[in-house]
Amino acid sequence: VIEGVVRFVDERTGAAPFLRKALRYVFPDHWSFLLGEVALYAFIVLVGTGIYLALFFDPNTASTVYHGSYAPLRGHEMSHAYRSAIDLSFEVKSGLLLRQTHHWAADVFVAAIVLHMLRIFFTGAFRKPRDLTYFIGLTMLATALLEGYLGYSLVDDLLSGMGLAIGYSVLMSVPFVGANLASLAWDGPFPGSPAFESRMYILHVFLLPILIATLLTVHLVLVAARHHTQFLGPRKTERKVVGIPTFPGQTPRSLGLLFAVAAVLFLLGGLVQINPIWLWGPYHVGDATNGAQPDWYLGWLIGALRLVPSFDMTIGGYTLVPNPFWGGALFPLVVFGLLFLYPWVERRLTGDHAFHNLLDRPRDAPRRTAFGAAFFTWVFVVFLAGASDRVFIFLGISYEAQIWVYRVAVWLLPVIVYVVAYRACLELQGLELVRRRRREAEAR
Amino acid sequence: VPRRERIVPPAGSSPRAELAVLGLLAAATICAAGFVTVYAVDRIPRQTQFLGLSLGLAFLFLAAACIVAANRLVVTEELEEDYPLPAHPEQVEALDRLVAESGDRITRKRLLKLGVAGAGAAVGAALLAPAASLGPFLDTAPFYETPWRRGRRLVDETGRPFLADRIAEATFYTAYPEGASREEVGSPLIVIRLDPSLLRLPHGRNGWAPHGILAYSKICTHAGCAINLYRSPLFPEAEPKPALVCPCHYSTFNPADGGSVIFGPAGRRLPQLPLETDGSGYLRAAGTFSGPVGPSWWGVRLHGARGPSA
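As given, the protein sequences belong to chains A and B, one line each in that order.
Numbering-wise (our numbering), the first sequence opens with residue 1488 and increments by one.
Numbering-wise (our numbering), the second sequence opens with residue 71 and increments by one.
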């Protein structure tokens, strides 16, 4: 049977040589290589669950009155969008499972991308010839952040509206053109016209998923074209890659990981509540709630918005830089900008323009490791600052005092981490040298 | 017939592993059937939980079956392969020549390039132009407008007007303009009452707070969230002053001195609305806001707030 199918395909496509090569493609083995795969599988779950949700969700902000089975909201005025999301949760059988699984998958998707990126960064996998792959990965991360933000904004619950108000303010704060861009995007001042919901919807369910899928495909094609990287090991060199073939060896492993990711996501979606939208209520411009937090992957932005002291930069009556620009726009631009520039910067500073197929261990590149540790500490401290109101609620530590500590720590900690990480790398290298010398001496 | 060389190296069988995989597949089948059963049953308590559990376990058993198969049933081989050539200098050079030579007939290359660039930019701009229909790109007048004008009554979310006498200290009220949309950034107000002796309003705001009743825009000047926290000291001698606080980024405004920023990121005062009481004791706007409402943009300090356009 197999031979018949393959012959059919080959005679019509000439693909047999390619298939033969693809099935014997070599996968080097290391646990940290799985992180990117986890992101891929979370994306598959996102697409599957998302299609199901789209069959029920009504992206319409026209007003309606709720008469469904959730008693606390009965008689409340709300948008069709919010009502359809509530109905999806309470009236559609298995709707809540798929909605929660979708939300969990989004959180896991971004987490896996971030961990994958850290692995790529600290092992130097972004070096030539894989810098293009790395740039595409970063673009996917940025797209995924926007995609996730639009996803929970669509629902039109109270948290959606608060998040959109902040996004709108950040866009308004862009120097010279902010108000114009916001007016264009929202079709007038916030909360905008009904067209805005349609725009978010088409972005969330079509344009951005297509963009992510396209980038994903190019990313994987590039990985395959230049082959996987590997750590130095027996027979593993810059010229030769050693590992398990796609088939039979790698296939059951990858399938196993796919099913494991799906298992975790459905278990989370069924057993661990996430974004109980019926508790937030519908959004109205004059409403807000205390202690609101975005999904984890936007925590760094809320932290940055909170840490900036009170000022708008003005020239006469002209407001050059409104405050939200610093934390909401400039900070993420600098973070992504540095990540994009890093491969070039490292090449300039080290003069290393060579091709690299072998990975560095973090200790082998102390400056990169120290810079990366300091850089991600910087972002992480800002992220923590985003949780300061929860810390106040749970531990009673003064919010204002925390913000002052963070305003100092965000500049001080990265410096300390740089020095410590750099020293640690050199110490580890030294330790290895001593061990090797001792072994050589004993052998003699 | 000569025996052909194997592609995959031979390995011994492992009946126990096969049994384990079979068992795991059976467990996955049972869980998947359980999912369908739970789905089909009406009025089952905690249906979502059971659905997630059964489907999650089905996938978990599938994953386990794959992993056992990968480790015990599939032949483990370690292959070596050459990394692809880092570069193809001859091909690159040939491509370069191909492009250069194919343009040999063209004599005025720079002029033609200019023409192509000009036409490309013009067509691109033409295709982008309809994007301007997305919204009023140049008209920023709506950003200055709010529904508040002199004489408009303050009403609560159910539409009932506010009696000035009913405004108590140590709490806050949300007010909307009577007979106007509530879903505009310029609509919602936060109304509080302070001891008039505490007020230190800026010049020109005399009489804006009858009986110590103050109205501010409820929308934070930082990022547009609604201000819904009011810090009212129970023991004013020792506790911090009264403050209006936004729950998004904790911009903190002083209601006693005209809405100045005490803490947090907001870069502008909270706009104040002058109040008056009418003959029946109801609260009404005595004019429009002290400044534009909502988050800052480049023109937020160029003009004052305006009442509703006709």
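Rather than coming from a laboratory, the hints here were simulated on the basis of the structure.
Hints are not guaranteed to be accurate.
Simulated crosslink set (SDA-like; lysine to any residue; CA at most 20 Å straight-line) [as the list claims (entries may be wrong)]:
id: 1; chain 1: A; residue 1: 1615; chain 2: B; residue 2: 158
id: 2; chain 1: A; residue 1: 1508; chain 2: B; residue 2: 311
id: 3; chain 1: B; residue 1: 311; chain 2: A; residue 2: 1737
id: 4; chain 1: A; residue 1: 1508; chain 2: B; residue 2: 103
id: 5; chain 1: A; residue 1: 1723; chain 2: B; residue 2: 154
id: 6; chain 1: A; residue 1: 1727; chain 2: B; residue 2: 311
id: 7; chain 1: A; residue 1: 1723; chain 2: B; residue 2: 146
id: 8; chain 1: A; residue 1: 1508; chain 2: B; residue 2: 76
id: 9; chain 1: A; residue 1: 1727; chain 2: A; residue 2: 1742
id: 10; chain 1: A; residue 1: 1723; chain 2: B; residue 2: 104
id: 11; chain 1: A; residue 1: 1580; chain 2: B; residue 2: 311
id: 12; chain 1: A; residue 1: 1723; chain 2: B; residue 2: 159
id: 13; chain 1: A; residue 1: 1615; chain 2: A; residue 2: 1737
id: 14; chain 1: A; residue 1: 1723; chain 2: A; residue 2: 1702
id: 15; chain 1: A; residue 1: 1580; chain 2: B; residue 2: 159
id: 16; chain 1: A; residue 1: 1727; chain 2: A; residue 2: 1715
id: 17; chain 1: A; residue 1: 1508; chain 2: B; residue 2: 154
id: 18; chain 1: A; residue 1: 1615; chain 2: B; residue 2: 153
id: 19; chain 1: B; residue 1: 183; chain 2: B; residue 2: 203
id: 20; chain 1: A; residue 1: 1580; chain 2: B; residue 2: 75
id: 21; chain 1: A; residue 1: 1580; chain 2: B; residue 2: 78
id: 22; chain 1: A; residue 1: 1508; chain 2: B; residue 2: 168
id: 23; chain 1: B; residue 1: 311; chain 2: B; residue 2: 272
id: 24; chain 1: A; residue 1: 1508; chain 2: B; residue 2: 153
id: 25; chain 1: A; residue 1: 1580; chain 2: B; residue 2: 103
id: 26; chain 1: B; residue 1: 311; chain 2: A; residue 2: 1885
id: 27; chain 1: A; residue 1: 1508; chain 2: B; residue 2: 272
id: 28; chain 1: A; residue 1: 1727; chain 2: B; residue 2: 183
id: 29; chain 1: A; residue 1: 1580; chain 2: B; residue 2: 301
id: 30; chain 1: A; residue 1: 1723; chain 2: A; residue 2: 1705
id: 31; chain 1: B; residue 1: 311; chain 2: A; residue 2: 1615
id: 32; chain 1: A; residue 1: 1727; chain 2: B; residue 2: 158
id: 33; chain 1: A; residue 1: 1615; chain 2: B; residue 2: 159
id: 34; chain 1: A; residue 1: 1727; chain 2: B; residue 2: 104
id: 35; chain 1: A; residue 1: 1615; chain 2: B; residue 2: 157
id: 36; chain 1: A; residue 1: 1615; chain 2: B; residue 2: 154
Going through the hints against the structure:
| no. | hint | result |
| --- | --- | --- |
| 1 | A:1615 with B:158 | holds, 15 Å |
| 2 | A:1508 with B:311 | violated, 74 Å |
| 3 | B:311 with A:1737 | violated, 66 Å |
| 4 | A:1508 with B:103 | violated, 39 Å |
| 5 | A:1723 with B:154 | holds, 14 Å |
| 6 | A:1727 with B:311 | violated, 71 Å |
| 7 | A:1723 with B:146 | holds, 18 Å |
| 8 | A:1508 with B:76 | holds, 16 Å |
| 9 | A:1727 with A:1742 | violated, 26 Å |
| 10 | A:1723 with B:104 | violated, 47 Å |
| 11 | A:1580 with B:311 | violated, 52 Å |
| 12 | A:1723 with B:159 | violated, 26 Å |
| 13 | A:1615 with A:1737 | violated, 26 Å |
| 14 | A:1723 with A:1702 | violated, 30 Å |
| 15 | A:1580 with B:159 | violated, 61 Å |
| 16 | A:1727 with A:1715 | holds, 11 Å |
| 17 | A:1508 with B:154 | holds, 13 Å |
| 18 | A:1615 with B:153 | holds, 14 Å |
| 19 | B:183 with B:203 | violated, 32 Å |
| 20 | A:1580 with B:75 | violated, 55 Å |
| 21 | A:1580 with B:78 | violated, 47 Å |
| 22 | A:1508 with B:168 | violated, 31 Å |
| 23 | B:311 with B:272 | holds, 17 Å |
| 24 | A:1508 with B:153 | holds, 13 Å |
| 25 | A:1580 with B:103 | holds, 16 Å |
| 26 | B:311 with A:1885 | holds, 16 Å |
| 27 | A:1508 with B:272 | violated, 78 Å |
| 28 | A:1727 with B:183 | violated, 45 Å |
| 29 | A:1580 with B:301 | violated, 44 Å |
| 30 | A:1723 with A:1705 | violated, 26 Å |
| 31 | B:311 with A:1615 | violated, 59 Å |
| 32 | A:1727 with B:158 | holds, 18 Å |
| 33 | A:1615 with B:159 | holds, 16 Å |
| 34 | A:1727 with B:104 | violated, 49 Å |
| 35 | A:1615 with B:157 | holds, 11 Å |
| 36 | A:1615 with B:154 | holds, 13 Å |
The structure does not agree with the numbered hints 2, 3, 4, 6, 9, 10, 11, 12, 13, 14, 15, 19, 20, 21, 22, 27, 28, 29, 30, 31 and 34 stated previously, though it agrees with the rest.
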